[in-house]
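Can you build the whole structure from these sequences, using the hints too?
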Amino acid sequence: MTEILDILISANFWAAALRIATPLIFGVIGALVCERAGVLNLGIEGIFTAGAMAGWMAVWLGAGLWGGVLVAAMAGAFFGLIHAILTVPLGLSQHVSGIGVTLFATSLSYFIYRTALPDVSSPPRIEAFKPLDIPGLSDLPFLGPALFQQTPLTFLALLLVAVTAYVLYRTPLGLAIQAVGDNPAAVESQGLSVYAIRIGTVVAGSAIMALGGAFLTMSAFDAFFFGMVNGRGWICIALTVFASWRPGKALIGALLFGAFDAFQVRLQTEVGSFIPGQVFLMMPYLLSIAALIVVARRADYPRALLVPYFRGQR
Amino acid sequence: ADPVKVAAIYTVPVEQQWVSRIDKALKAAQERGEITYTFSENVANTDYERVMREYAEQGMDLVVGEAFAVERAARKVAAEYPDTAFLMGSSFGPAQPNFAVFDNWIHEPSYLSGMIAGATTKSNVIGMVGGYAIPEVNRLMNAFMEGATSVNPDVKFLVTFINSWYDPPKAKEAAFAMIDKGADILYAERFGVSDAAKEKGILAIGNVIDTASDYPGTILSSALWHMEPTIDKAIGLVASDTFEPADFGPYSFMSYGGGSFVVDESLAPADAVSAAKAKEQEILDGLFRVNVNDSEPKSTM
Amino acid sequence: MIRFEPRGPSSVSRMLGISIAAAVAALVLAAIPMAFAGLSVFEAYSLMAKGAFGSLFAFTEMLTRATPLILTGLAAAVAFRAKLWNIGAEGQLYAGALAAVAVGTGVISAPPYLLIPMVIVAGALAGGLVMLGPTLLKTRLGVDEVVTTLLLNFIILLFVQMMLEGPMKDPMGMGWPQSEPILDEAALPKLMDRMRIHWGLVIALVSSLGVYFLLKRTVWGFEIRAVGENAAAARHAGIPVTATFIRVGLLSGALAGLAGVGEVAGLKGYLTADLSPGFGYSGIVVAMLAGLSPAGVVLAALFIASIFVGADSMSRATGVSNYLADLIVAMALLCVLVSGLFLRFKIRFVGSQANPEAAE
Amino acid sequence: MAGPAQDAGVVLRLDGITKRFGALTANGDVSLDLKQGEILALLGENGAGKTTLMNILFGHYVADEGRVMVSPDGSGLSELEPGSPHAALQAGIGMVHQHFTLAENLSALDNILLGTERLAALSSSRAPARRKLEELMARSGLTVSLDARISQLSVGEKQRVEILKALYRDARVLVLDEPTAVLTPQESDTLFATLKKLADDGLGIIFISHKLAEVLASSHRVAVLRGGRKVADLPTAECDRRKLAELMVGHAIVETMRSPGTPGAPLFVLNKASAGHGRDALHAVDLTLKSGEILGIAGVSGNGQTTLARVISGLEPLTQGSMTLEGTVIGHASARTMIDNGLARIPEDRHHDGIVGAMSVSENLAIEAIRKPENQRLGLLRFSAMRERARNLIKAYDIRCQSEDSPARLLSGGNIQKIVLARTLETVPKVVLAAQPSRGLDVGATSDVHKRLLAARDRGAGVILISEDLDELMRLSDRIAVIHRGHLSEAEPSETLDRGSLGLRMAGHNAEDAA
Ligand SMILES: Nc1ncnc2c1ncn2[C@@H]1O[C@H](COP(=O)(O)OP(=O)(O)OP(=O)(O)O)[C@@H](O)[C@H]1O
Ligand SMILES: Nc1ncnc2c1ncn2[C@@H]1O[C@H](COP(=O)(O)OP(=O)(O)OP(=O)(O)O)[C@@H](O)[C@H]1O
Ligand SMILES: [Mg+2]
Ligand SMILES: [Mg+2]
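Chains as they are written, first to last, in this note's numbering: chain H, 1 to 314; chain E, 1 to 301; chain P, 1 to 360; chain S, 1 to 515.
Hint data in this document are derived by calculation from the structure and do not stem from the laboratory.
C-beta atoms are modelled at their ideal positions from N, C-alpha and C, and glycine is treated no differently.
Just to be clear, a hint being listed does not mean it is correct.
[Unchecked claim] Here are the in silico distance ranges between beta carbons for each label pair: (1) E:E80 x P:F213: 32 to 42 angstroms; (2) P:S55 x S:R382: 40 to 50 angstroms; (3) S:R131 x H:G67: 43 to 53 angstroms; (4) P:L141 x H:S138: 40 to 50 angstroms; (5) H:A290 x E:K122: 33 to 43 angstroms; (6) P:K83 x S:A213: 34 to 44 angstroms; (7) H:L286 x S:E374: 43 to 53 angstroms; (8) P:S55 x H:I275: 46 to 56 angstroms; (9) H:I275 x P:L136: 26 to 36 angstroms; (10) E:G59 x P:M192: 22 to 32 angstroms; (11) S:D147 x P:K83: 31 to 41 angstroms; (12) S:R400 x P:L136: 39 to 49 angstroms; (13) E:P269 x H:S138: 33 to 43 angstroms; (14) H:G67 x P:M192: 48 to 58 angstroms.
[Said to hold, decoys possible] Cut-off 27 angstroms, straight-line C-alpha distance, at most; resulting in silico cross-link-like pairs (BS3-like, lysine-lysine): (15) P:K83 x S:K372; (16) P:K169 x E:K76; (17) S:K451 x S:K290; (18) E:K76 x P:K50; (19) S:K451 x S:K243; (20) S:K196 x S:K132; (21) S:K372 x P:K216; (22) E:K298 x E:K200; (23) H:K130 x E:K200; (24) E:K76 x P:K190; (25) S:K158 x S:K197; (26) E:K198 x H:K130; (27) S:K430 x S:K272; (28) P:K169 x E:K298; (29) S:K395 x S:K451; (30) S:K211 x S:K158; (31) P:K50 x E:K5; (32) E:K198 x E:K298; (33) E:K233 x E:K27.
Okay, here's the thing in structure tokens:
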């Protein structure tokens with residue numbers, strides 16, 4: 001018991017939770033934005049991979065770190081655009097299109113990586129983002145190490161949560177996005193283009209998702225590996241529901257998942273000799289389901305989620 | 001003579017440390033003009049048998065691969081193509097007429113790197129992060145632990161498996177967790193662990209591949225695997241038409257040059273280095289045998 | 001501006017024409033990365049065709065790869081028909097495989113005509129039971145099944161690994177996390193000597209017929225369709241909505257479980273944690289490509305399998321990175337997806353000056 | 001072409017509009033003028049093409065032929081860009097759709113603001129908008145709470161938000177598609193008073209309605225569509241009920257009148273029944289339905305009718321009290337047991353709760369009895385029997401559809417209602433629960449529904465008629481009870497009641513006050 005407490009009151013633990021949560025924050029915010037506009041984006045796992053690969057490769061080719069972030073976002077936007085065109089004006093199944101985009105983005109990233117780098121036995125490294133040292137804040141007891149020794153992308157993720165919440169709730173564009181996910185007819189009858197708003201939102205959301213991938217290769221690590229996204233995108237889809245499509249709750253959900261994960265690696269070394277390691281690895285998933293059961297009744301679906309909109313059709 | 005036609009089948013991408021050693025040895029042979037080399041990577045378990053057959057049908061002289069999770073199927077295919085030589089990573093023995101096996105038998109240098117680590121640690125806590133608890137990994141970890149305790153009975157181990165071969169961010173997090181627990185040396189079975197060590201200014205033990213130049217001042221010691229002796233031997237036999245199904249495992253032993261031990265003498269205590277070197281000589285002279293223990297290592301804290 | 005106008009049922013020739021157009025579009029698209037990799041495109045395509053259909057071996061391999069896809073495709077199709085979004089076929093497949101191994105590796109000894117059915121039933125049951133959880137959570141507590149089934153995939157795979165490293169580990173496996181081999185009496189027989197094709201294919205085809213029959217001709221199928229199309233109206237009309245969801249969940253999970261049975265008892269002979277390269281997820285694609293129709297599932301699975309096996313073989317024959325195979329599958333999928341539009345809609349491109357007078 | 005003199009005061013002109021959906025001509029060469037300050041009523045049967053015409057006007061649909069001309073500022077008619085709601089809004093056309101086009105997850109204010117601001121704006125300027133709206137509300141009498149989420153508003157309030165949306169954009173032409181279909185009589189009266197005021201301010205107004213009384217009372221001019229073509233366009237003063245009905249359906253309509261019933265023994269009883277929660281809950285409701293009578297339940301929607309209907313249908317359990325059918329207490333009801341016990345139910349929302357749109361007409365006709373031997377044997381469906389039965393019902397109930405195999409979704413509202421009637425009444429039910437059975441139906445379809453309900457009663461069934469339409473209630477019911485805030489008054493013979501006192505009681509005044 002005391003070990004568990006020790007873990008929970010350690011600043012390093014919370015720093016790890018925030019680090020692990022960062023790609024999830026990008027992912028869940030991106031997924032949430034798309035779904036708020038009524039489009040489920042199962043392309044997320046592939047968009048993560050594309051962001052991870054493209055961002056890393058741009059830096060490797062000399063674009064600079066922020067140049068890499070931009071390229072990652074553009075890669076995300078590109079695949080988002082494919083998904084958006086297939087699902088919005090063409091009204092195709094969002095499930096298949098999403099999984100198709102995942103297959104496409106993943107295999108294209110792998111193919112490009114391998115074709116560009118056929119002969120690497122050890123993957124090339126880049127100079128990744130370093131934790132920021134913010135004078136004053138980073139030296140605070142507990143909070144300093146827990147919050148203020150993160151890389152810039154973590155702060156970008158946190159900023160993005162606030163910006164997303166602001167845009168969604170406070171700007172005309174945000175209102176239009178919310179409306180188009182609830183009742184596209186309401187948007188059209190007010191003279192706005194359902195397609196433009198949906199496509200734009202999905203493209204933007206996908207660009208955000210891709211940053212989650214970029215974080216993996218440019219912040220959490222400094223090289224690209226096949227399979228390194230490792231299901232993180234799917235977790236974000238789950239977190240979106242958990243968050244009831246709200247940015248604030250999405251942040252909490254991602255942090256919670258990060259904390260579960262940071263907790264399980266620590267617990268594993270504590271009591272790992274009695275319990276199979278898989279039990280610990282299951283923990284974040286099991287706890288996510290448990291958390292979902294608690295919030296389930298209050299889940300507030302965007303009513304037009306998954307429903308394609310065709311003008312003038314019954 | 002014509003170059004030997006070699007195909008390799010990997011269940012993981014060639015970046016994976018293990019596979020990269022095979023790939024490296026084969027590419028070197030190709031450079032020398034001894035072989036033509038082609039490979040399929042990331043082959044799914046369910047496709048493995050088909051890929052083997054396709055290469056055999058293409059008239060490959062030698063097929064190199066990992067039979068670990070496809071043992072029975074691989075042996076069956078090999079039996080159906082007696083004209084092709086198969087050299088497969090396997091925990092089992094060779095089989096007539098053409099199925100030879102190898103494995104990464106670098107438990108010896110692992111033991112030696114353990115000796116260095118055991119003597120160097122100040123906190124007496126060593127963290128070990130692995131991908132999966134498979135025999136090929138367990139064996140090296142166990143040898144390492146034995147080496148460490150042989151010089152320092154007080155040393156304790158933290159063990160975590162991250163359940164993935166390529167999730168460096170995750171491996172890094174596991175390593176950070178161990179540093180929080182007081183580990184001052186990390187056994188880097190996966191990419192990501194040495195990065196955590198470097199970031200936190202502690203030491204790491206390399207495994208299979210040499211990463212010392214990527215992490216200057218961080219890699220204390222490494223147990224390296226060299227596939228060249230194994231591959232070159234097999235190619236030679238195939239080229240001279242004298243390939244026999246045998247256990248090529250010993251070619252990974254230190255005495256054949258298949259395994260080697262390196263230590264950064266600026267980071268390790270001098271007496272530890274000399275003790276390890278002495279033990280290395282004993283191993284090479286056949287005076288000391290490192291135990292082989294394939295069971296899953298557990299934390300001892 | 002593009003406009004869509006729904007069209008009625010399409011003629012066979014039209015469907016054929018569009019399918020061919022989709023295939024051509026996919027091939028043209030796939031030529032881009034091929035050319036990029038320095039391949040001669042025509043040669044690559046002929047190698048691809050050879051890789052999937054060029055020999056008895058190639059053809060049976062293609063069918064072998066299609067077998068689990070048919071079953072996971074059916075699993076998704078049945079569930080999606082009722083708007084039960086089962087994204088968990090991957091986990092259910094592993095559960096089925098685990099159960100098959102639990103029954104088929106010597107715990108019970110019986111002659112094949114008893115043991116094989118027991119293995120099949122155990123696998124189906126395990127898959128069904130795994131899906132029962134999310135179904136009950138949905139119907140009783142309103143928990144979204146997309147999330148629960150998705151997360152269960154990870155949990156079950158970890159559970160399988162735990163079993164393979166623990167109680168179900170093969171003591172003769174040299175420490176490898178794998179199960180004991182399935183007894184010969186429990187294994188699904190091969191359909192052909194020296195080939196991998198096995199009775200799992202027959203199970204898959206019979207299942208597809210069964211599902212077709214169920215949906216089309218039975219009261220339960222009627223209820224599934226009604227619940228899927230409009231659960232509220234179905235409930236008002238006295239259809240037991242909860243019971244229908246549970247039935248569909250069990251059936252869907254059982255079909256995915258059967259896919260697992262086929263892979264271990266028909267193909268591999270023992271269970272490892274890398275049994276499936278994502279058959280469960282591909283099943284969703286198969287089902288949707290098929291428009292959720294059971295017969296279509298068979299065709300879609302064959303399509304996906306032949307593209308993959310052909311492209312994979314082609315990459316080997318030409319020495320290009322075999323990641324190209326997945327890329328071609330993805331491109332083909334997207335093309336076929338788009339082509340479906342031309343079946344459902346008349347598509348008119350309306351100029352920006354829709355005003356006839358403007359031209360005068 | 002029309003000369004300038006004829007154009008004077010015309011704010012909107014539809015010129016030879018034709019619109020086809022496949023083989024169906026929804027609008028055939030329709031031309032129509034609307035003058036400033038004029039209220040034009042657009043009439044027609046279900047499916048006559050009214051909504052289609054208005055959707056073309058607003059740019060939701062593009063006409064195959066013809067054009068729409070508007071005079072945005074009174075200066076002269078110019079052609080409106082087809083297919084662009086944005087252009088229509090710019091030209092000062094406001095539209096209140098037949099089905100609400102509101103985002104339920106936003107506040108009333110945000111719904112009104114939607115699309116009126118630059119999307120790239122960094123913030124939404126709610127404060128000035130609120131001021132303008134408060135002024136508008138004061139002037140027009142259309143009050144709503146601007147900060148409430150749409151999902152929390154009653155239908156009447158939603159309707160007002162829809163109109164405010166148009167007025168906020170300074171509409172010159174206001175189109176309302178069946179605005180009163182879901183309003184109470186009081187709400188309708190208020191609405192028309194408002195519309196009059198707006199017309200006097202210079203707006204041109206088109207409204208669509210099936211309620212002839214309000215058309216006669218509130219419009220200046222009437223246009224009638226039949227089968228997509230305009231068959232009449234004349235001043236309201238020259239019309240009466242009978243004439244309008246005839247113009248719409250092409251032949252005379254006999255409005256159903258009730259003959260006194262012969263009530264028998266108590267059939268269905270609710271005793272101190274409570275259920276549900278919140279606004280729509282039921283509190284200790286007593287209700288006794290006799291065989292051979294129609295019991296009307298009057299009330300403003302949202303006062304517990306939905307819960308009452310759900311309880312009787314077996315979709316919602318009682319939290320207190322009991323439910324008795326033919327003397328047997330029904331403990332744990334489900335939709336299935338109630339249907340098996342002889343309940344026929346006509347749901348309030350026929351599209352959502354009544355039919356499975358993607359299934360065929362014949363399947364929808366069989367759905368309630370799908371487990372009965374006539375539809376299945378050993379779990380296998382008997383298709384030929386189902387279709388045979390469907391063909392008979394289609395004939396008997398005059399369901400207009402291409403065939404028994406067409407998807408039910410394609411049918412018009414009235415014909416969908418007939419499917420529900422056919423499948424429920426055909427079982428010779430003991431109790432019929434009809435919730436808003438003629439909402440949105442044209443005169444012909446309405447009279448058909450009424451005839452069927454009366455026939456069921458005459459056959460000995462007890463009918464519970466939940467309605468907001470007082471005319472319908474007075475015409476059909478033997479006794480009427482009023483529901484308000486989940487409390488149900490004692491049912492009284494309809495002869496002893498009048499519209500006025502019923503209306504007051506629906507608004508919450510008790511019987512003594514009303515008297
Ligand atoms: N429109 C819908 N779309 C999707 N799922 C729905 C819908 N309506 C209901 N459900 C799901 O179906 C579940 C079952 O509903 P419910 O228990 O009311 O059915 P029922 O008719 O009472 O069934 P039974 O008679 O078998 O008890 C609900 O809890 C909900 O999760
Ligand atoms: N998008 C569409 N696709 C196909 N048919 C349509 C479409 N919209 C309308 N129709 C058909 O056009 C005809 C006219 O429909 P419309 O909605 O204009 O009728 P309406 O007069 O408004 O009827 P109601 O009184 O029921 O509202 C109907 O037969 C309808 O089925
Ligand atoms: Mg129930
Ligand atoms: Mg209409």
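Quick rundown of the hints versus the structure:
1. E:E80 x P:F213: 32 to 42 angstroms: Since E80 (chain E) and F213 (chain P) have Cβ atoms about 40 angstroms apart, the given range 32 to 42 angstroms holds.
2. P:S55 x S:R382: 40 to 50 angstroms: 48 angstroms, holds
3. S:R131 x H:G67: 43 to 53 angstroms: 47 angstroms, holds
4. P:L141 x H:S138: 40 to 50 angstroms: 44 angstroms, holds
5. H:A290 x E:K122: 33 to 43 angstroms: With a Cβ separation near 41 angstroms, A290 (chain H) and K122 (chain E) satisfy 33 to 43 angstroms, so the hint holds.
6. P:K83 x S:A213: 34 to 44 angstroms: 43 angstroms, holds
7. H:L286 x S:E374: 43 to 53 angstroms: 49 angstroms, holds
8. P:S55 x H:I275: 46 to 56 angstroms: 50 angstroms, holds
9. H:I275 x P:L136: 26 to 36 angstroms: 27 angstroms, holds
10. E:G59 x P:M192: 22 to 32 angstroms: Given about 24 angstroms between the Cβ atoms, the range holds.
11. S:D147 x P:K83: 31 to 41 angstroms: 35 angstroms, holds
12. S:R400 x P:L136: 39 to 49 angstroms: Roughly 43 angstroms apart at Cβ, these two residues keep to the hinted range, so it holds.
13. E:P269 x H:S138: 33 to 43 angstroms: Holds: the Cβ-Cβ distance is about 34 angstroms, inside 33 to 43 angstroms.
14. H:G67 x P:M192: 48 to 58 angstroms: 56 angstroms, holds
15. P:K83 x S:K372: Answer holds: K83 (chain P) to K372 (chain S) is near 26 angstroms, not above 27 angstroms.
16. P:K169 x E:K76: Measuring from Cα to Cα gives roughly 22 angstroms; hence the hint holds.
17. S:K451 x S:K290: Holds, at roughly 19 angstroms.
18. E:K76 x P:K50: Holds: K76 (chain E) and K50 (chain P) sit about 24 angstroms apart, inside 27 angstroms.
19. S:K451 x S:K243: Holds. K451 (chain S) to K243 (chain S) sits at ~21 angstroms (cutoff 27 angstroms).
20. S:K196 x S:K132: 21 angstroms, holds
21. S:K372 x P:K216: 18 angstroms, holds
22. E:K298 x E:K200: 24 angstroms, holds
23. H:K130 x E:K200: Within the cut-off at roughly 13 angstroms; holds.
24. E:K76 x P:K190: Holds - the C-alpha atoms of K190 (chain P) and K76 (chain E) are around 15 angstroms apart, at most 27 angstroms.
25. S:K158 x S:K197: 20 angstroms, holds
26. E:K198 x H:K130: The given pair, whose Cα atoms are some 13 angstroms apart, holds under the 27 angstroms limit.
27. S:K430 x S:K272: Roughly 22 angstroms between the alpha carbons, so the hint for K430 (chain S) and K272 (chain S) holds.
28. P:K169 x E:K298: OK: K169 (chain P) and K298 (chain E) at ~18 angstroms, within 27 angstroms.
29. S:K395 x S:K451: 16 angstroms, holds
30. S:K211 x S:K158: 20 angstroms, holds
31. P:K50 x E:K5: It holds: about 22 angstroms lies between the C-alpha atoms, which stays within 27 angstroms.
32. E:K198 x E:K298: 25 angstroms, holds
33. E:K233 x E:K27: This hinted pair holds, its Cα atoms lying about 15 angstroms apart.
In summary, this structure violates none of the numbered hints.
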